[in-house]
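K.L.:
What follows is the residue order along each chain.
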Amino acid sequence: MEKSKVQPLADRILIEPLEAEEKTAGGIVIPDTAKEKQQKGKVISVGKGRVNDEGKVTPLEVKVGDHVLFGRYSGTEVKVGGTECLIVKEDDILAIIK
Amino acid sequence: MEKSKVQPLADRILIEPLEAEEKTAGGIVIPDTAKEKQQKGKVISVGKGRVNDEGKVTPLEVKVGDHVLFGRYSGTEVKVGGTECLIVKEDDILAIIK
Amino acid sequence: MEKSKVQPLADRILIEPLEAEEKTAGGIVIPDTAKEKQQKGKVISVGKGRVNDEGKVTPLEVKVGDHVLFGRYSGTEVKVGGTECLIVKEDDILAIIK
Amino acid sequence: MEKSKVQPLADRILIEPLEAEEKTAGGIVIPDTAKEKQQKGKVISVGKGRVNDEGKVTPLEVKVGDHVLFGRYSGTEVKVGGTECLIVKEDDILAIIK
Amino acid sequence: MEKSKVQPLADRILIEPLEAEEKTAGGIVIPDTAKEKQQKGKVISVGKGRVNDEGKVTPLEVKVGDHVLFGRYSGTEVKVGGTECLIVKEDDILAIIK
Amino acid sequence: MEKSKVQPLADRILIEPLEAEEKTAGGIVIPDTAKEKQQKGKVISVGKGRVNDEGKVTPLEVKVGDHVLFGRYSGTEVKVGGTECLIVKEDDILAIIK
Amino acid sequence: MEKSKVQPLADRILIEPLEAEEKTAGGIVIPDTAKEKQQKGKVISVGKGRVNDEGKVTPLEVKVGDHVLFGRYSGTEVKVGGTECLIVKEDDILAIIK
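Keeping their order, the protein sequence lines are chains A, B, C, D, E, F and G.
Under our numbering, the first residue of the first sequence carries the number 1, and numbering increases by one thereafter.
Under our numbering, the first residue of the second sequence carries the number 1, and numbering increases by one thereafter.
Under our numbering, the first residue of the third sequence carries the number 1, and numbering increases by one thereafter.
Under our numbering, the first residue of the fourth sequence carries the number 1, and numbering increases by one thereafter.
Under our numbering, the first residue of the fifth sequence carries the number 1, and numbering increases by one thereafter.
Under our numbering, the first residue of the sixth sequence carries the number 1, and numbering increases by one thereafter.
Under our numbering, the first residue of the seventh sequence carries the number 1, and numbering increases by one thereafter.
Isolated chain A, as found in the complex (with noise of 0.2 Å):
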């Protein structure tokens, strides 16, 4: 099965963990403490949006493509295609690295 036939519900977004880069000088750092859990990744595909209890939609900031910053311990962790993904609500991301 392939990444793209994963289609996240609602206000959820699937990503993929980037490898932290630990020794760029001038990049993002991951923090000591959260080696063991990702907190930079690419985003895979989206859902449509948050639903409203009156069942208006609204569209998510994030889109397919852009890197992102989400809180560790977010999310569950789903493998897809071989590579350990992450499916987490809009609301745990943090920041889009433009």
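Simulated from the structure, these hints should not be mistaken for laboratory data.
Among these hints, one or two may not hold up.
[Claimed, not checked] Derived EDC-like pairs (lysine to aspartate or glutamate); straight-line CA-CA distance at most 16 Å:
1. G/LYS5 with A/ASP66
2. D/LYS79 with E/GLU19
3. E/LYS98 with E/GLU54
[Unchecked claim] Part of the chain G face toward chain A, derived, beta carbon under 7 Å:
4. VAL6
5. GLN7
6. PRO8
7. LEU9
8. GLY49
9. ASP53
10. GLU54
11. THR76
12. ILE87
Positions of the beta carbon are idealized from the N, C-alpha and C atoms, including for glycine.
Following the hints, put chains B, C, D, E, F and G in place on chain A, whose structure we already have.
P.N.:
The following block gives chains B, C, D, E, F and G in isolation, referenced to the frame of chain A:
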């Protein structure tokens, strides 16, 4: 009693767990620590939708026959037709597998 | 006092638990760890519906006579007419058995 | 001070507990573990209704004189006219006994 | 500083506890376990009312001079004019004693 | 940095605690167990008001210069101009002392 | 990667902590027990605003370049350009220092 006779209420969904495709290259593989609780399933029947406090119904995004990923430890186990199924809320569904 | 004399309030439902059909092939079988608390029941009476904070009433989806599945540990036990029944909120009802 | 002089606020209700009809065949019998806290009572007085955050009042479903079932451990005990009564919110009332 | 100079905010109320009328036949008697915290009091001053998140104010049901019953352990103690008073939210007031 | 330069956000308030007037007859006396944390203070600056989730602002009831009572253990301590002040939400203010 | 490339989501803010001005007379001095976690910072970038459940965006009160006070233990640490920064929600900002 047959599976089709279980009609979940509101935003609930009846799911029949699928075997973890543990050795399939490129397939979804449940992480080791999740073996005892399935994460992938097939939707057997769905409720009419989420009801807000004014009585307005929002139909569910998930449909009968969909293959879905859901959080471990979600929902309530029920045995239907000899199979151990789960009734979960749609909010516990992480993604649809297209 | 008869069962029909107990009128649940708002979104509450009076349920008479049904015997677990433990050996019926193809029937719903309560998992072993749930034997001590029934999960299947018959609806005896229902409240007028959920009331929102503006006084608007949304009638319940469950009707008198329905057979329902409900979460173990839901509701409050009351003995009515010599039978141990349960009063649960509709939100604790998982599914209707058609 | 007389019972009728206690005017509960908003969605609160003053209840005088009734004796558990422990031996009545066909009557409501409080389960053994609930003997120390009454579950059946008579409504002495009621508040004007639930007030939402815009000031709108929704009158209560329960009326003075009703016999009601309420959750054990609900409410606050007060002694009125030598009797130990309870003040509970209407949401703690499970059912009216017709 | 005088009591009338303490102006509670929003839905708060300044209460001067009244002596428990422990031996009055027919009067309200605080249960034994509540002796150390008064449950009956006189309203000294009240806030302008509950403010919802749109700025709308709903005046309080309780008025200056009312005798009220309030939950033990409610509110914050303040000494005003040598008397130990309490500031409670109106939601902690159980009933008015007419 | 001067006190007037600290501009609290939204419904927050900067308070300079006042000495507890422990021996003043008729004055507000902080109960013994609250000596270590001030309960009376002077408002130095206030936020623009509470913002609801539609962006509507409700101005605060408390004004600069007001003397207020606030719950012990409320807010966050900051030192401004050599004085240990507090930033609290308006909801933690119990009353204004006129 | 440069700081300006981190675009916080919704109501989040990227803050670069400032040195505690521990010995400045008249300046803000972090209380002793807070030395290990900065409380004063400079805003590097801000999200587009708080989004309510109907998709309406309320712009933030805090702007890029503002010096702010924020609660200790707020937010998530990220290293950007070799500096340990913080991403916090605007609700964790206590005050702007003008």
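K.L.:
Below or equal to 16 Å on CA atoms is what counts here, so check E/LYS98 against E/GLU54.
P.N.:
violated (34 Å)
K.L.:
Would you check whether G/GLY49 satisfies its interface hint, that is, whether its CB is within less than 7 Å of any CB in chain A?
P.N.:
Cβ of G/GLY49 sits 11 Å from chain A, so the hint is violated.
K.L.:
Grab the minimum C-beta distance from G/LEU9 to chain A and call the hint holds if it beats 7 Å, violated otherwise.
P.N.:
holds (5 Å)
K.L.:
Taken at face value, is the distance from the CA of A/ASP66 to the CA of G/LYS5 at most 16 Å?
P.N.:
Cα-Cα ~12 Å, so holds.
K.L.:
Restraint: G/THR76 near chain A, CB-CB cut 7 Å. Satisfied or not?
P.N.:
holds (6 Å)
K.L.:
Sort out whether E/GLU19 lies within 16 Å of D/LYS79, counting only the CA atoms.
P.N.:
Since the Cα atoms of D/LYS79 and E/GLU19 sit roughly 15 Å apart, the hinted pair holds (cutoff 16 Å).
K.L.:
At a threshold of 7 Å, is the proposed contact between G/VAL6 and chain A supported by beta-carbon distances?
P.N.:
Holds - the Cβ of G/VAL6 comes within 7 Å of chain A, reaching about 5 Å at its closest.
K.L.:
Holds or violated: G/ILE87 as interface residue toward chain A, Cβ cutoff 7 Å?
P.N.:
Nearest chain A Cβ about 5 Å off; hint holds.
K.L.:
Verify the interface restraint on G/PRO8: the C-beta must sit less than 7 Å from at least one C-beta of chain A.
P.N.:
holds (5 Å)
K.L.:
Should the interface hint for G/ASP53 be scored as holding, given a Cβ-Cβ cut-off of 7 Å against chain A?
P.N.:
holds (4 Å)
K.L.:
Hint G/GLU54 vs chain A: min CB-CB distance below 7 Å?
P.N.:
G/GLU54 check passes; min Cβ-Cβ to chain A is 6 Å, inside 7 Å.
K.L.:
Answer holds if the nearest beta-carbon of chain A is closer than 7 Å to that of G/GLN7; otherwise answer violated.
P.N.:
holds (5 Å)
In this structure, the hints that do not hold are numbers 3 and 8, in rising order.
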